[in-house]
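Chains as they are written, first to last, in the working numbering: chain A, 1 to 240; chain B, 1001 to 1367; chain C, 2001 to 2290; chain D, 3001 to 3253; chain E, 4001 to 4280.
Each hint should be verified, as a subset may be incorrect.
Claimed, not checked - Calculated cross-link-like contacts (lysine-lysine; reagent style DSS-like; alpha-carbon spacing at most 30 Å): (1) Lys1261/B x Lys1271/B; (2) Lys2158/C x Lys1218/B; (3) Lys3227/D x Lys174/A; (4) Lys3227/D x Lys2053/C; (5) Lys3227/D x Lys2289/C; (6) Lys2289/C x Lys154/A; (7) Lys1310/B x Lys1136/B; (8) Lys2289/C x Lys174/A; (9) Lys1328/B x Lys1049/B; (10) Lys1357/B x Lys1326/B; (11) Lys1357/B x Lys1218/B; (12) Lys1239/B x Lys1136/B; (13) Lys1124/B x Lys1357/B; (14) Lys1354/B x Lys2053/C; (15) Lys1271/B x Lys2053/C; (16) Lys1274/B x Lys1037/B; (17) Lys2053/C x Lys3062/D; (18) Lys1274/B x Lys2289/C; (19) Lys1271/B x Lys1137/B; (20) Lys3241/D x Lys201/A; (21) Lys1174/B x Lys1164/B; (22) Lys1164/B x Lys1110/B; (23) Lys2053/C x Lys1357/B; (24) Lys2158/C x Lys74/A; (25) Lys2158/C x Lys2053/C; (26) Lys1328/B x Lys1354/B; (27) Lys1354/B x Lys1164/B; (28) Lys2158/C x Lys3227/D; (29) Lys3241/D x Lys174/A; (30) Lys1049/B x Lys1310/B; (31) Lys2289/C x Lys3241/D; (32) Lys2158/C x Lys154/A; (33) Lys1174/B x Lys1037/B; (34) Lys1312/B x Lys1049/B; (35) Lys1239/B x Lys2053/C.
I should point out that these hints are in silico values taken from the structure, not numbers from a laboratory.
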Amino acid sequence: MALLEVSSLSVSYGRVAALTDVSLRVQEGEIVTVLGANGAGKSTLLKAILGAVPVKGGGITFADTDLTRAAPHKRMGAGLVLVPEGRRILISLTVEENLLLGAHMRRDTVAIRREMDAIYGRFSNLAERRHMLASCLSGGEQQMLAIGRAMMAKPRLMMLDEPSLGLSPLFVEKLFDLICELNRDGLSVLLVEQNTGKALKVAHAATVLELGRVTMDGDPKALAADPRLQDAYLGGAGGP
Amino acid sequence: EEDLVLGYMMAKSGPYVSLANTNEVAVDMAVEEINAKGGINGRKIKVVKFDTAGDPKQATTAVRSFAQDAGALAIIGPFSSSEVRTTFPVGEREGISQMSMASSAPGLTKGFTYGFRNTTDEGKVIDQVLASLKDKKLPMATGAAAYATDDVVSKSIGTGVVPKMFEKYAIPSKGAVDFQLAAFDLSPQVAQLKQMAPDVVGLGSPPEGAITIAKELKRQGVSTRLIGGTTIADPELPKRMDGAGEMLTIGTTFFPEVNDKTRAFAAEFAKRTKAAGLNRTDPNQMDASVYDIVYLYAEAMKRAGTTGDKAKLAAERSAVRDQVAKLKDVPALEGAISFADGDAVKPVYILEVKGGKWTLLDTRMPN
Amino acid sequence: MVAQQIVNGLMLGAIYMLVAVAFTLAIGVLNFLNFSLPGLFMAGGMLAFGLMKAGWPFLLAAAGALAAAAFISLLVERFAYRPMQGGDPEVPLVSSLGFLVLLENLMLVQFGSDQQAFPALLPDLNLRLGGLVIGYAQLASLLLSLGIVAALSFVLAKTSAGRRIRTVAESRETALLMGIDIARLVPQLFVASAALAALAGILFAVNYQQVSPFMGEGVGFKGVAAMIVGGMGSIWGAVLGGLLIGLAEVVSISFIGADVVNITVYGLLLLILIVRPQGLMGRAPSREKL
Amino acid sequence: MSTALEISALSKSFAGVQAIRDLSFTVPKGVSTALIGPNGAGKTTVFNMVSGVYGVDAGRIKVNGVDVTRMPSRRRIGTGVARSFQNVRLMPHLSVLENLLVGQHVRASSLAALLTPYRLIPNHRWKREARAALEESGLGRWADETVSALPYGVRKRIDLVRATLAGASLLMLDEPAAGLNPSETNALRDHLKALMAKGTTLLVVEHDMHFVESICQNVVVLNFGEKIAEGPLSRVRQDPKVREAYIGSDGEA
Amino acid sequence: MSGYLTGVLVVLAFNVMAAYAVYLPLAAGQLNLGIAGFMAIGAYGSAFLTNEYMWPMWAAIPAGALAAGLTGFLIGLPVLRTHGIYFAMATFALGQVISAVFLNLEVVGGAAGYPVTDYAGPNVVFAAAVGVVLLMLYISRTRFALELTAVKSDATVADLLGVPVRGMKVAAFALGAMVAGFGGALYAHHYNFVEAQHFNVLLSVFTVLYVLFGGTQTVWGPLVGAAFFTLVPELLRASDQWRYAVFAVFIIVFMALRPQGLVTAALFRLFRRRAPEASS
Ligand SMILES: Nc1ncnc2c1ncn2[C@@H]1O[C@H](COP(=O)(O)OP(=O)(O)OP(=O)(O)O)[C@@H](O)[C@H]1O
Ligand SMILES: Nc1ncnc2c1ncn2[C@@H]1O[C@H](COP(=O)(O)OP(=O)(O)OP(=O)(O)O)[C@@H](O)[C@H]1O
Ligand SMILES: [Mg+2]
Ligand SMILES: [Mg+2]
C-alpha cells in the first residue's frame, strides 16, 4: 500500500472545476513531482490533500487511513505537511516563533530545540535574524523560513509548492540537495515545481496536470524525453 | 353614526417603556368608562394607537397619520419632551390638538395654539416641596444641587429651578455637582457632596440617577435630604432603592392614597395590568395623567358639541382646541385641573420615603 | 478628596479594563469588532440578577450567568463570525450588533427598561482608611482583573497556544494550512472573551449594585476606547487604557463637571490617536514587505 | 547617451543591519540591466528606494535625469519609472481589468479624468486600452475575474501588465519569471522584448540566468548590499566572487 | 399619499442620505462611526443661519452641508493618520466630542435643544434624497470611485501607481461629511427641532449598519439597507414589544446567509448573465 493514495479526486471552486478525476500515489520514501502550467491545478491538488479546500469527489488515503473528510490538523497530525504557495509566513511573529509554530503539534521540547538549531545552521540568513519580525525578511529568506517551518513539523510526507521560487541559483541547488538528503533519511516528498528540469532529475515518479486532469504520468526520465512535455513545459528544444 | 376618534401616541417600546407601557391600560380604562356611560354627545369615543418608541421622527409620522388618515379630533400624547418638540409644529400645521402626559421641560407649549400638556412645571413643584419643608420645620439651613447634564428637564432643575428656589427660601447654596444620565458611578460627585455637607440636595434627575446617588450617599456615609420634582416620582422607587434614600422628598401630581377615587382607580388599574401580564401594577403619575387627558378631551368635546362628522373635521378640531384652552377646575383623578398657557394647573402631592415606602407629607395647590 | 477621587478612578478603570481585554481578544486576535460584547457584559449582570431573584445563591448565579454568556458567545461565533470570513473586517459588525440589540430587547421584555437593584452581598462592603472609602468588591475586582490579565498576557506571549492564537489573528487561511484546529480554537477564544465581558458585568453589578438592559452600551464603548488608547492587541495596553479612561473620567467630573466628560474622555482618545495612531503600547502593524 | 537610472553612493540600513552600502550604478537608456545577487543581498531594497517605499540614508537617485531622492513616492511614477512586485500585490477588491485601470492613473490624473463617468460610456478608451494589453499577453479571458481566485503565475503576469500600463520608460521588474514554467518564461521573454523594441528600458531582478542572458545587456551583482561585479553576464558569471556567492559550482540555473 | 406613508418615506429619505454619507468613505476603507457628529454640524449650522440671520433655507441648508464638509476636511487631515479600527474609533470619539460640544453650546439651546422656525416639506426632503442617490450613482461610475477602492484595497501599491492616497482619503472623508451635513441640515428644517442627544453614537452605528447590511460592493447597497431598516420595523409594528427582538433576529439570519450584504457584485453579475439568457 502506498503512503499517499489519491484516487479520482475532484475539486471545484463554485462552478469552476479545478481538478477532475485526479489519481496519484506516493510510495514510502519516494519523491514524486507534479508538473503543469499556470492554473493547471497543482496548488489546488496539494491543498486538497492537506484538506484546506473541500473535495467534491474521490478519496485520499494516507498511511492506510482514509483522510478524505478529515480536517487539516488531523492530517498534519498523521504526518502530512505543506510548504504553501506564496510562503505564507507570519509577519507579526518573529523568525523563531515562525519556526516554533511549525512544531506546534509536537511536545518533545528538547528535540525541537535541537532541530531548530540544525535549521539555523543550514539557513544562516535566518540565524542572523532569528529575533526579528519575519516581515523584514527578503523574498528568498521568507522562502527558507517556510521550508524550515515545514521541517519543524517532522512530517512523513512533505508537500512543497514551488519551493525554489525566489531562491538564488546557489540556493536552489542547496534546496534540491536538502530535499534529496531528507528523502534519504526516509522522508517522502510531493513536489510541485516550475523548475521542471531539476524536479524531474530528483524525482522517482512524475505526474503532469493540464486543466485539472492528469495527462501524463510515470517515470521522470521517460517523461523528460517525451516531446509533448518538451513542448509544453520545457520551452521546446531541450530546456535549460 | 360616527365615532369620536382620538389619536394616542404610545411609547411602548424604546427608552421609556417602563414609565409608559402601562399608560395604555389607563387610556382604555377611561375610554371604556366614558363609553359605558353613553359616550359624548351620544357618540362613542374610539382611540387609534401608534407606538412611537419614544422616537421624535416616528412621533411626527404618528401625528400625520392621525390627522390625515385616521380623522382624529385630537391627540393624546406624545410622551417625551423631544417628541413634543417635533410633533407640536406638525400639529400646528395640521390644526389638531395634542396633550402630552409626561414632558415637563420648561416652555414647551410656548408659541403653539394646539399644544397642551397635562403636566406641571418643575419649578412650581419644587417650590411646593420647599414650602412644605418649611412648614414642617425640617432642617434646611444649607443646600446644594445635583443634576444630570444631558437631560433637558434635569439640567434646568439643577441650574435654574433649584438655585432660584434656594434664593426664594433664603437657603445658602454650597455648590452643585452634575452627572451624566447614563452614569453608574457617582462616587466622585458624592465625595464632593460629602465635603459640602448640605442639609438638602436639590435633585434634577430621572429615577435612575436618584437611586444611584442615594445608594452612593449611603455607601459613603453621607446623610442629607434629597428633594426633587415629578421626574423622580416612581411608585416603586423606595423598593428599588433597597434601603437607601430615606428622607427623599419629592413633589408629584398623583398619589393613590389621596381619596376613594384614586384608590378605586389604583385597584382597577392593578387588576388590569396584572391581567395584561405587565411588570408594574401600581399606577404612576403618567398613568394618572393620561387617564385624565381622556376625560379632559371628553369634557372639551362635550362643550364643543363635537359630532365626529368627517365633513366638519377641521372646524371641530379647532373647536376642541378652543374648549381645552378654556377648561377651568375640571374635577379629575389628579384633583381639579385648569389650563393656563397650554399647561395644566393641578395639585402637587409632597411625598417622602419613610421605612422604604412613599408616604404623603403634604398636599398643596400651586398658585 | 483628591486621593478619594484617584481611588474612585482606579476602581472604575478596573471595570473598563476587563471589558477592554475582552475586546482586545476579539479585535486584536480575531480581527472582529465584536459589538455583542457590551451585550454579554449586560447579560452577565442581568442574568446573575435574574438568577439571584429566582433564589440562587450568588456564586451559583454568577456561574450560571457566565455559562449563559459563553453559550451566547458561541452563537455569535456561529452566526456572526464564521459566515463572514474572508470579507472585509467591518462586516461582522452588523450581526454582532444584531446580537446586542437582540440581547437588550430580550432583557427588556423579561425585566423592563428600569434599572434594577442588585442585592448587596455584604451589609457594609467598604474598607475605610482614614477618610478614604474603598469598596471590598471593587478592590477584589481590581485584583482579579489584574490577575486574569497577567495570566492572559503570559499565555499569549510565551506559549505555543499563544503562538497559535496569534497565527489565527494574522491569517485564518495560513492557520488552516499550518494545521491549527481553528474550529476549536476560535470558539474557545469566543468563550474566553465572553467570559471576561460577563465577569466584568457581574463585578459591575456587585460594585454598583445595579443592573439594567442598557448598562452595556456606555461601559462597552468606554471599554473599546480603553483598548484603543492602550493599543490594540496589547493586553497591558488595555490595562493602562482602562485605568487612564477611568481616571480621566473621574478627574474631569470632579474638577470641571459632568457636562464635559464626553469632551475630555473622547477628546483624550482622539488626541492620543492623532499623536500615536497605534495607541500607547500598541505596535504599528507589521506590513507585508514589497 | 542619457541615463534612465543613476544611483550614486546609496546606503540604507534597517535597525542596525546595513542592507545597502555605498552602492552606485547607472542604467543607460535602452540598455536593459539585471540586478542579481544572493537572497538578502538588497536587490528589492534598491527597488524600494527608487520607487520611494523607503527613504535613503545617504546617496542620490536620478530617474531620467530628475533627482527623485526626496520626491514623495506617489510622484515618482510620473518621472517615468514603474515597477512590479516580488510578492505580487494586486488589489483584491478590484477585478483584473480594474487593477489595470488603476495602473493607468499617471496618464489620467486630471480632475476631469477623475470625474469622467467612464463606466457609463461603452468601450471607453481606458477600458479598451487595458483590455488590449491583457489580450496581448494572452490573459484576456481573466479580465473580469476577481484577482484572489487566480493562479499564482497569472497574478504575476497581471502585475507586470499593470506596471507597463503606466507608460513608463524605465520598468523595474522584481523576479518576473519566478513561478513561470520554461515555456511561459519564453512567452514572457517575447513580451519583454517587444516592450524593449518600443523603447522601454528594463531593470530586472531575476534568479533565472538564461532569462537574464536573453534580456539584459548589462548585469550588476550585489552581495551584502555592496556591488561586487558589473558587466555583461558572460563575463560576470566567470568572476569567482560571483560564482562563490551566487551561481554555485555548476554555473547553471 | 397617506400621512403615515409620508412620515415613513421621510424617515427613509433621511436614512438614505445618512447611509450614503457613510458609504462614500467606506468605499475608501474608512469606517466612519462619527457620522452623527457631522449631521449635527449641518443641522445646527443651517438652523443657526435661518433662525438668527434670517437666511433663506435654500442658502442655509447648503451652507450647513459645506460647514460639515469643511470640518471633515480639516479634521480629516490629522485623523486620517490612523487606520482601520483605530480610524473607526477616532471618528467615534470625534462624533462624541462634537455632540457633547453642541450639548453644552448655550447659543443653540444646549441640552434643551434648538427649535427651528423654517419648514422644509416632505417633497423637498424626497427631492434631496433622490439628488444624493443620483450623485452617488454618478460618482460610482467614475475613476474617482475606482481609485477609492484601490486605496482601500492596497494603499501602498496605489501610492506607487501615482494615486494621491491622502488626497483621495481626505476627499472621501470630507465628501461623506458634507452629505451627512446636508442630511442633518434638512433634518433640522423638516422636523423643526434639533437636539444634540439625537446625534448620538447609536445613530452613527446604525447608519453604518444600513450600509453594511445592504452591502458595500455596489452603490445600491446603502439604498437597500436603509430601506430594509426603515420599512421592516414598520411591518413588524403589530408584534409590539417583541418588535426589535424579532428585527434583530432578522438581521442576524440575513447576515449569516448573505455575509457581504444583501446586494453584492455577484448578484449583479448573475442578473447580467441571466438577462441575455432570458431574452434569447
Ligand atoms: N479560491 C479560488 N476561487 C476560485 N477559483 C480558484 C481559486 N483558487 C484557484 N482557482 C482556480 O483553480 C484553477 C487551478 O488553480 P491553481 O492555483 O491550483 O493552479 P496552479 O497549477 O497552482 O497554478 P500556478 O502554477 O500558477 O500556481 C485555476 O483556474 C484557478 O483560477
Ligand atoms: N523593512 C526591513 N526591515 C528590516 N530589514 C529589512 C527590511 N527590508 C529588508 N531588510 C533586510 O535587508 C536585506 C535585503 O533585503 P532585500 O529584500 O533587498 O533582499 P533581496 O536582494 O531582494 O533578496 P531576495 O532575492 O531573497 O528577494 C535582507 O537581509 C532583509 O532582511
Ligand atoms: Mg500554484
Ligand atoms: Mg527580493
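Each hint, compared with the structure:
Our distance criterion of 30 Å between C-alpha atoms is met by Lys1261/B and Lys1271/B, whose separation comes to about 15 Å. Of the pairs offered as hints, the one joining Lys2158/C and Lys1218/B is violated, with about 46 Å between alpha carbons and a cut-off of 30 Å exceeded. In summary, the hint linking Lys3227/D to Lys174/A is supported, as the alpha carbons are separated by about 24 Å, within the 30 Å threshold. Note on Lys3227/D and Lys2053/C: the hinted pairing is violated, with a Cα-Cα distance of about 79 Å set against a maximum of 30 Å.
The hinted pair formed by Lys3227/D and Lys2289/C meets the criterion: a straight-line CA distance of about 23 Å does not exceed 30 Å. With a C-alpha separation of about 29 Å, the suggested pair Lys2289/C and Lys154/A falls inside the 30 Å cut-off, and the hint holds. For a cut-off of 30 Å, the pair hint linking Lys1310/B to Lys1136/B is broken: about 56 Å separates their Cα positions. The straight-line distance between the Cα atoms of Lys2289/C and Lys174/A is roughly 25 Å, inside the 30 Å bound, and the hint therefore holds.
Simply put, Lys1328/B and Lys1049/B have alpha-carbon atoms about 28 Å apart, close enough for the 30 Å limit, and the pair holds. Restraint check for Lys1357/B and Lys1326/B: not satisfied, since their Cα atoms lie roughly 38 Å apart, outside the 30 Å limit. Note on Lys1357/B and Lys1218/B: the hinted pairing holds, with a Cα-Cα distance of about 17 Å set against a maximum of 30 Å. The hinted pair formed by Lys1239/B and Lys1136/B meets the criterion: a straight-line CA distance of about 25 Å does not exceed 30 Å.
The hinted pair formed by Lys1124/B and Lys1357/B meets the criterion: a straight-line CA distance of about 24 Å does not exceed 30 Å. With a C-alpha separation of about 24 Å, the suggested pair Lys1354/B and Lys2053/C falls inside the 30 Å cut-off, and the hint holds. Distance restraint check for Lys1271/B and Lys2053/C: the Cα-Cα separation of roughly 24 Å lies within the 30 Å cut-off, and the hinted pair is therefore satisfied. In summary, the hint linking Lys1274/B to Lys1037/B is supported, as the alpha carbons are separated by about 25 Å, within the 30 Å threshold.
At most 30 Å may separate the alpha-carbon atoms for a hinted pair to count; Lys2053/C and Lys3062/D exceed this at roughly 78 Å. Taking the CA atoms of Lys1274/B and Lys2289/C, the gap is about 68 Å. The hint is violated against a cut of 30 Å. The straight-line distance between the Cα atoms of Lys1271/B and Lys1137/B is roughly 40 Å, outside the 30 Å bound, and the hint therefore fails. This hinted pair checks out: Lys3241/D and Lys201/A have alpha carbons roughly 28 Å apart, not beyond 30 Å.
Using a Cα cut-off of 30 Å, the hinted pair Lys1174/B and Lys1164/B holds, with the two alpha carbons roughly 14 Å apart. Note on Lys1164/B and Lys1110/B: the hinted pairing holds, with a Cα-Cα distance of about 21 Å set against a maximum of 30 Å. For the hint linking Lys2053/C to Lys1357/B, the alpha-carbon distance of about 21 Å falls within 30 Å, and the restraint holds. A C-alpha spacing of about 25 Å is found between Lys2158/C and Lys74/A, which places the hinted pair at or below 30 Å, so the restraint holds.
Between the alpha carbons of Lys2158/C and Lys2053/C the distance comes to roughly 43 Å, so the proposed pair goes past 30 Å and is violated. Our distance criterion of 30 Å between C-alpha atoms is broken by Lys1328/B and Lys1354/B, whose separation comes to about 35 Å. For the given pair, Lys1354/B sits about 28 Å from Lys1164/B by alpha-carbon distance, which is consistent with the 30 Å threshold. Between Lys2158/C and Lys3227/D the CA atoms are separated by roughly 41 Å; this puts the pair beyond 30 Å, and the hint is violated.
Note on Lys3241/D and Lys174/A: the hinted pairing holds, with a Cα-Cα distance of about 18 Å set against a maximum of 30 Å. For the given pair, Lys1049/B sits about 19 Å from Lys1310/B by alpha-carbon distance, which is consistent with the 30 Å threshold. A hinted pair counts as satisfied when its Cα atoms are at most 30 Å apart, and Lys2289/C with Lys3241/D qualifies at roughly 29 Å. At roughly 22 Å between alpha-carbon atoms, Lys2158/C and Lys154/A fall within 30 Å of each other, so this suggested pair holds.
Between Lys1174/B and Lys1037/B the CA atoms are separated by roughly 56 Å; this puts the pair beyond 30 Å, and the hint is violated. Using a Cα cut-off of 30 Å, the hinted pair Lys1312/B and Lys1049/B holds, with the two alpha carbons roughly 23 Å apart. With a CA separation close to 14 Å, the supplied pair Lys1239/B and Lys2053/C stays within the 30 Å bound.
Comparing the model with each numbered hint stated earlier shows that hints 2, 4, 7, 10, 17, 18, 19, 25, 26, 28 and 33 do not hold.
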